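Following the hints, put chains G and F in place on chain V, whose structure we already have.
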Amino acid sequence: MARVTIPIGPQHPALKEPERFMVTVEGETIVDADVRIGHIHRGLEKLFEQRTYLQNIHITERICGICSFTHSTNFCQATEYILGVEPPRRGLYLRTLMNEFERIHSHLLWLGVAGHEMGFDTLLMWSWDDRERILDLFEDITGNRVTHAFNTIGGVRRDITDAQIQRILHTMDIMEERTKAYIQVGLNEQTILKRTQGVGILTTADAKRLCAVGPRLRASNVKYDVRKNDPYAAYGELPFEVITSDTLDVHGQLVVRALELLECVKMCRYMVQNLPAGEIRVKVPRKVPPGEAISRTEAPRGEDIHYLRSNGTDKPERLKVRAPTLANILNVAHTLKGANIADIPLIVAGIDPCMGCMDRVLILDRDKESCKVMSAEQLREYSIEWYRKEAYR
Amino acid sequence: MTPIESLIYMLVFPGFLFLTSYAFFCQYLDRKLYARFQKRVGPPFIQPIADFIKLLAKEDIVPKAADNRMFSAAPIVGLAAVLTAFIFIPVLALHSVIPSFEGDLIVVLYLLTIPTLAIFLAGWTSGNPFGQVGAMRAIVQMISYEIPFFLALLAPALIVGSWSLGRILDYQLGGMWLVIFAPLAVIIAIVTLQGKLERLPFDIPDAETEIVGGPLTEYSGRRLALFRAMLDVEMVVGAALIVTLFFGGYDLIISFSDLPWYLPVLLNAVIFFVKVLFIVGILALIKAVVARYRIDQMVSLSYRWLIPLSVAQIVFIVVLKFGGWLI
Amino acid sequence: MKRPGIMIKDVFKRLTMKPVTSKYPAEKSPAEPGYRGKMEFYVDKCISCGMCAKDCPSFACVMEEIDGKKRPVFYLDKCMFCAQCEESCPKDAIKMTTEYELAHLAGNPQIVK
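Protein chains in written order, with numbering that gives the first Met the number 0: chain V, 0 to 392; chain G, 0 to 326; chain F, 0 to 112.
In case anyone wonders, no lab produced these hints; they're calculated from the structure.
Careful: at least some of the hints might be erroneous.
[Claimed, not checked] Using 20 Å as the maximum straight-line C-alpha spacing, the simulated PhoX-like pairs for lysine-lysine come out as follows:
{"hint": "1", "chain 1": "F", "residue 1": "LYS17", "chain 2": "G", "residue 2": "LYS38"}
{"hint": "2", "chain 1": "F", "residue 1": "LYS27", "chain 2": "F", "residue 2": "LYS37"}
{"hint": "3", "chain 1": "V", "residue 1": "LYS282", "chain 2": "F", "residue 2": "LYS44"}
{"hint": "4", "chain 1": "G", "residue 1": "LYS38", "chain 2": "F", "residue 2": "LYS8"}
{"hint": "5", "chain 1": "V", "residue 1": "LYS286", "chain 2": "F", "residue 2": "LYS44"}
{"hint": "6", "chain 1": "F", "residue 1": "LYS17", "chain 2": "F", "residue 2": "LYS44"}
{"hint": "7", "chain 1": "V", "residue 1": "LYS314", "chain 2": "V", "residue 2": "LYS45"}
[Claimed, not checked] A few chain G residues that don't get close to chain V, going by computed Cβ distances all over 12 Å:
{"hint": "8", "residue": "ILE48"}
{"hint": "9", "residue": "PRO62"}
{"hint": "10", "residue": "ARG68"}
{"hint": "11", "residue": "VAL76"}
{"hint": "12", "residue": "THR83"}
{"hint": "13", "residue": "VAL132"}
{"hint": "14", "residue": "LEU300"}
{"hint": "15", "residue": "GLY323"}
Since this is a predicted model, take the numbers as computed values, not measurements.
For glycine and all other residues, C-beta sits at the position ideal for the given N, C-alpha and C.
Here chain V stands alone, though its shape is the one from the complex (with noise of 0.2 Å):
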């Protein structure tokens, strides 16, 4: 059969974010599929460099607007490890606290998208709704729905009162109920299993081999999560367990999303009551002495790590942001092969992608007019020759 190349993106109705994957199919099943990322590229590592610390905290938000916090965390820990100084206990249960706040509303929300992306309207406006009330949460306790300026280097900006805390676990248990309701719903609904199982198989050697992270590798069955492995904040002193799902398959990805929202509530419940006393933040100096940190933490989508180098200004020297979508792309390209053309939507939306917190370089020639792909020698090589020729700042 005639091979022919369909370009999915970057402008296409399946997308919410403009990429490119370039899909080459026989009738309806993808033989081939190639990624190309890059279409929203917005200049943040530039920006990171010209700021100070205090105002990174903001920007660093705005990496991508559903998993904000995890990234003002990320960078929070990261500005910490190399001053040195431990938020107080308080500070730090209140920011896992509103870390795991957004795993639900993230979760929800995906729930929603892959509702949408098979045709499931109804989900998407059920748990859209639901979503809502975690957003008013955000709203009261932070001051924002999204963005919500509620770290600091040194720990959290805002307390939270006692009416508060009540009104968290009215939330919690209205959430529990939707959750369990949810979870009927996905196990249980025809039309939701035909869609979903089976597609996007990606197994769990591919999975080690390709790198996913977050639920899409815990989906193939790789019981890994940051929060669990590589305990950050007070993710240590918590009870939880890490989701796993044998199946594979996009589905199995939905049953570990809505497994982990169980868990969340659970978490955010133990939170609440075992609140410890005392101080929120800790005052830290303005200015970071030189030194480096990595940085990890489990965003909703999956590992996040931010690279911070200081040089004992006010400014950091480099902030390297590897978003989870990033490490989930490529699994991407190799579970489209062998899929059905009307699965695309639905793989694609499974890793939960969010092209604006991924893309970091663009190469644009602007005398020939092309885009490039370098591989890493050759970025190497072009990095090198291109401090030689500037002075380095």
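Chains G and F in isolation, oriented as in the chain V frame:
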């Protein structure tokens, strides 16, 4: 029926004018119910008509790659077919007026197939890859839902022993609604009607997250408005057909014989249209609680479940008929 | 049991509930009490230290000389409401309110002085 009367029948009530406005109302009800199921507010009452008028006023673009004549003809042919189909459905309880003849059920079924063909031609000639994929899907879907749909609607005809909608309706007057004998056929007819109308779970030809607008991707302005109206009217005609065949048409068991002649006719017509609304509500409910099938799953569902079940229903009726349990 | 239409019962339950969507401009929807909206600036408390302008990530807060005194001016078009200025202010001269309806016509920017 005098020529003036038939003209009124075709153009005013229950023909073109009434039917289109009623179809818009059904669209409103469908959208409103769908929204309320999802805890949304939903569109205001005037929205479908406002949409229609807005589309009429919009710029009408014919792509260069499209076949101009086919591109313009498809929506008109489709709309004309569904409007014609409704004329054969007995709405008024006036035997002298209903243009019923032996075999009009077949005519209605054939006329109801034309919209799908119109959509196929529209997508295929629009020169858009999404349109062409959608058109292919529409045709594949058609050959899978059309068989169970026809088989399901064959059941009442078998029970009554006539191909005439008027006769089938007469049989049911007084409470002998055929849904009693053929409940399975009703379910199959409603499910396949969803496929015919390209609604969830069978909105595969115009799955927006997969192939944008499907066959209608390139359509805009007047032609799109006609296509939208066509789908609305098709929904009404399909629901009306099911009401006529299974739910006793305008019958409501109680007899209004002691009223002046025009009142029962009017009341019966109202009853009929309320029943149609009920079917539309069921269609909206189905749309709200399922996800979209894939095209291969749709075909396998149809051939594995719907066709055998409808055949079983027919066998059951034949057994009843020859066993002498049916009149 | 695995079957299509598992949510039918729930769907009918939703039918009796009030819609979540509110007709916003017609009926007001107040922000949560902890919301950070438009700030208030108390000029008498200000000591012109300039910390707010120094820490503002989006340069919405600029020190300007008004009536012979250097003090911050907040251009709300640039502001991203992180409340860093509120935090940095040593004298609590800046306070965030819950007002969020800040849309305006072009050429008529919202400025807090």
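For each hint, the structure was consulted:
1. F:LYS17 with G:LYS38: Status holds; Cα separation ~7 Å.
2. F:LYS27 with F:LYS37: Holds, at about 17 Å.
3. V:LYS282 with F:LYS44: Given that 20 Å is the threshold and the Cα spacing comes to 24 Å, the pair is violated.
4. G:LYS38 with F:LYS8: Given pair G:LYS38, F:LYS8 holds - Cα atoms ~14 Å apart, limit 20 Å.
5. V:LYS286 with F:LYS44: Judged against 20 Å, a Cα distance of about 28 Å means the pair is violated.
6. F:LYS17 with F:LYS44: violated, 47 Å
7. V:LYS314 with V:LYS45: holds, 12 Å
8. ILE48: holds, 24 Å
9. PRO62: Check passes; 17 Å lies beyond 12 Å.
10. ARG68: Given a closest Cβ separation of 28 Å, the condition holds.
11. VAL76: holds, 28 Å
12. THR83: Consistent with the label, G:THR83 stays out of reach of chain V, its closest Cβ about 32 Å off (over 12 Å).
13. VAL132: violated, 8 Å
14. LEU300: G:LEU300 is in fact no farther than 12 Å from some Cβ atom of chain V, at 9 Å.
15. GLY323: holds, 39 Å
Going down the numbered hints, you'll see the structure goes against 3, 5, 6, 13 and 14, while the others check out.
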